[in-house]
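J.: Position chain B relative to chain A; hints supplied.
If you want the building blocks of each chain, they are given just below.
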Amino acid sequence: MSIKRQKIIRLSLTYLVVMIMAVIIIYPILWVIGASMTPGTSLSSSSLIPKNPTWEHFKTIFNLEKSNYLIWYWNTLKISLITMVSSVIVISFTAYAFSRYQFIGRKHGLVTFLMLQMIPNFAALIAIFVLARAADLLDTHAGLILIYVGGAIPMNTWLMKGYLDSIPKELDESARMDGAGHMRIFIQIIMPLAKPIIAVVALFNFITPFTDFILAKVILRSPEKYTLAVGLYDLVSRQYGSEFTTFAAGSVLIAIPISILFLSFQKYFVTGLTAGGVKG
Amino acid sequence: MEKVKKTNHGKVAVTLSVIPGLGQIYNRQFLKGIVFLILTFSFIVVFKDILNIGYWGIVTLGEELPRDNSIFLLVYGIIAILLTIFGLGFFLFNLRDAYKNGKKRDLGIPLSTIKGQYHTLINEGFPYLMITPGFFLLIFVVILPIIFVLLLSFTNYNLYHQWPAKLVDWVGIENYLKLFTLDIWRNTFINVFSWTIIWTFGATTFQIALGVFLAVLINQKDLKGKAIIRTILILPWAVPAFVSILIFAGLFNESFGAINTTILHALGIGPIPWMTEAAWTRIALIFIQTWLGFPFIFAMVTGVLQAIPEELYEAATIDGANMWQKFRHITFPLILFATAPILITQYTFNFNNFNIIYLFNTGGPAISGQNAGGTDILISWIYNLTVTKQEYGMAAAITLILSTVVILVSLWQFRKTNAFKEEDIM
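These protein sequences, in sequence, are chains A and B.
Everything in the first sequence is counted per UniProt numbering, starting at 1 for the first residue and increasing by one.
Everything in the second sequence is counted per UniProt numbering, starting at 1 for the first residue and increasing by one.
Pulled out of the complex, with its shape left as it was, chain A reads as follows (with noise of 0.2 Å):
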């Protein structure tokens, strides 16, 4: 009888935890999903379910006359979009090139990229914004993906390398003995190969500039240019409360899509930064 009641007990704990961590988790969502329907620009009623919803915050975010939200995501689609192809070529170049060829500077280089990865990526932030300022340039999306990228390849490098190095090298062989070029066998055998840990670097470097703040809000200048994460922080900092609905619908529509995107994704994500972290 003990053992049973000992369990009935440990369970209904165990269910005390979740609900608890359930409220906590779910409130603030439902809080700004109610804020979104709010009537008006500020929140002045406590109730969480506004008495008169009203879908006219996502009609402003959806008028390109009155709001850059629409732009706002473009960009950051843009721009995390080209990031993540652009540093997956780089890095699996550069990661290849490591993981299979004897090269001057290939010891160096793998050393610096070590070294490299554990500085900071703020380390820049001043470099960035004293050239950025001094040469008045740079409010340009392709400055900020060079930026991303660049700093993308010591730290994936490492990471895809550790994968590739796990490939073994008689597949390579085998097929320079049929007469296959260098070119040929990267693209055709190594690659194909090497899809789950290109994954995960791709998902990274999606990740990164989509919901990168500092780097964007120093180089983007103007409202046009901003990403959503710039953008949704100048809507609610510029007077705050006072869009604070507005804002609310704008979260709303970037935490839904993103959230079910991630949530499908979620468990190739965590075996990937597992393996990765595991193996280095």
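Honestly, the hints are just simulated from the structure, not real lab data.
Be aware that a few hints might be false.
[Unchecked claim] The following residues of chain B were derived to be distant from chain A, with all beta-carbon distances above 12 Å:
1. Arg28
2. Ile38
3. Leu51
4. Arg105
5. Gly116
6. Ile143
7. Arg230
8. Phe248
9. Gly270
[Claimed, not checked] Output of the computed footprint for chain B on chain A, the stretches with three or more beta carbons under 8 Å from beta carbons of chain B:
10. 28-36
11. 94-101
12. 123-129
13. 191-200
14. 213-224
[Stated by the list, open to error] In the EDC-like style, the derived pairs of lysine to aspartate or glutamate whose C-alpha atoms are separated by at most 20 Å in a straight line are:
15. Lys225/A / Asp139/A
16. Lys66/A / Asp234/A
17. Lys78/A / Asp165/A
18. Lys4/A / Asp222/B
19. Lys7/A / Asp106/B
20. Lys7/A / Asp222/B
Built from N, CA and C at the ideal position, the CB exists for glycine as well.
T.: Just chain B now, kept in the frame of chain A:
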């Protein structure tokens, strides 16, 4: 007679290669020689001016206003140094090549023909070709800015020393001295640094503890509805962090935020100054970071737990271990072993977690007697010094100190992982 004749092609070729290409031509590798000659010639012609200005600029940082902009001169100087290193590398490679092929001729080994040279070029050149795009990007986007910051920390570049009104000068280690001797700088530095440490350890430890706790809790065999519970618990990770932080900034807002107006109100507690009193802002920040960060740990540890073989626990049960002992001696060590490297990256992540500090309350509230806000961590302080106060030199000095700390921690961490031992690097 041929055999007795001593040749000295190696030495002659090296000597001639002081002008790159001549040695190769002497070795009768005409194609290579001419390519080398052209490369050298174009290097000198194209880069002559920038090398000249760069070296002059980096030493003097400009002499005459408004002609000289010290900051540009500094950048030219760095480019000149990088170009010199690059040129020297090529020069050494050329000398070695000339000597090697000359030696081959001395020993009577036939040199590769033009066709052979082409093949070697393709074969040996391939890895260089592969790393070229990454290499150049890295030089200009990562290495050049880092060197720039390093040098900037030894200058007096700030609001009062900038083009076109003033030149910037080298000031040696004055910025570093100021940081430790001038009262306002020293106090701010100590306050910001200690809060950064408390923040890093507090927030990270909470998120790790909560994540591990929940993962172990949900992993109980007889618990129903695991899938839905896990999905809910992972939600905060699924929402982009900047969105959640801005939402929390609204929730904690003193005039309309639900925490004060709804939750605390219902509990009969008066409004709390979340945004205007540093201590409360700090508590809110640690709470939010725990909210944001635990799902990642939870997901990772859940993965580890599911990989632990059931037999271990069965054997422990037979030996009479209770639940706590099982956790203490089986689960916990295994979790730690599998996730330690990632757990440490969580600490470095929060050490540099600019987003949450800045987006929540821009590092505020302001505090008298120091030039940083009450919740500014080092990185957000650096950001403010750069962007609003224009104290570039000081910001650079603090960046260097900060980077040194992060690098030391990372080095210590990487010495413990195996990945680099395979490469014989450390």
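J.: Has the given pair, Lys4/A with Asp222/B, been kept, meaning a C-alpha gap of at most 20 Å?
T.: holds, 12 Å
J.: Under the criterion that the straight-line Cα-Cα distance not exceed 20 Å, is the pair Lys7/A, Asp106/B satisfied?
T.: violated, 87 Å
J.: Taking beta carbons only, do three or more residues of the region 213-224 of chain A come closer than 8 Å to chain B?
T.: holds (count 3)
J.: Compare the distance between the alpha carbons of Lys66/A and Asp234/A with 20 Å, and conclude whether the hinted pair is satisfied.
T.: This hinted pair holds, its Cα atoms lying about 15 Å apart.
J.: When you check the alpha-carbon spacing of Lys7/A and Asp222/B, does it fall within 20 Å?
T.: Distance of about 9 Å is within 20 Å: holds.
J.: Against chain B, does the region 123-129 of chain A show at least 3 residues with beta-carbon separation below 8 Å?
T.: holds (count 7)
J.: Is it correct that the beta-carbon of Ile143/B has no partner in chain A closer than or equal to 12 Å?
T.: violated, 8 Å
J.: Are three or more residues of the region 191-200 of chain A within 8 Å, CB to CB, of chain B?
T.: violated (count 0)
J.: Against chain A, does Gly116/B keep a CB gap of more than 12 Å to every residue?
T.: Holds, since 17 Å exceeds 12 Å.
J.: Regarding the pair Lys225/A and Asp139/A, is the alpha-carbon distance no greater than 20 Å?
T.: The hint holds at about 8 Å.
J.: With a cut-off of 8 Å between beta carbons, are at least three residues of the region 94-101 of chain A near chain B?
T.: holds (count 6)
J.: Report holds if the minimum CB distance from Arg105/B to chain A is greater than 12 Å, and violated otherwise.
T.: At roughly 23 Å from the nearest Cβ of chain A, Arg105/B sits farther out than 12 Å, so the non-interface label holds.
In this structure, the earlier hints numbered 6, 7, 8, 13, 17 and 19 are contradicted, and the remaining ones agree with it.
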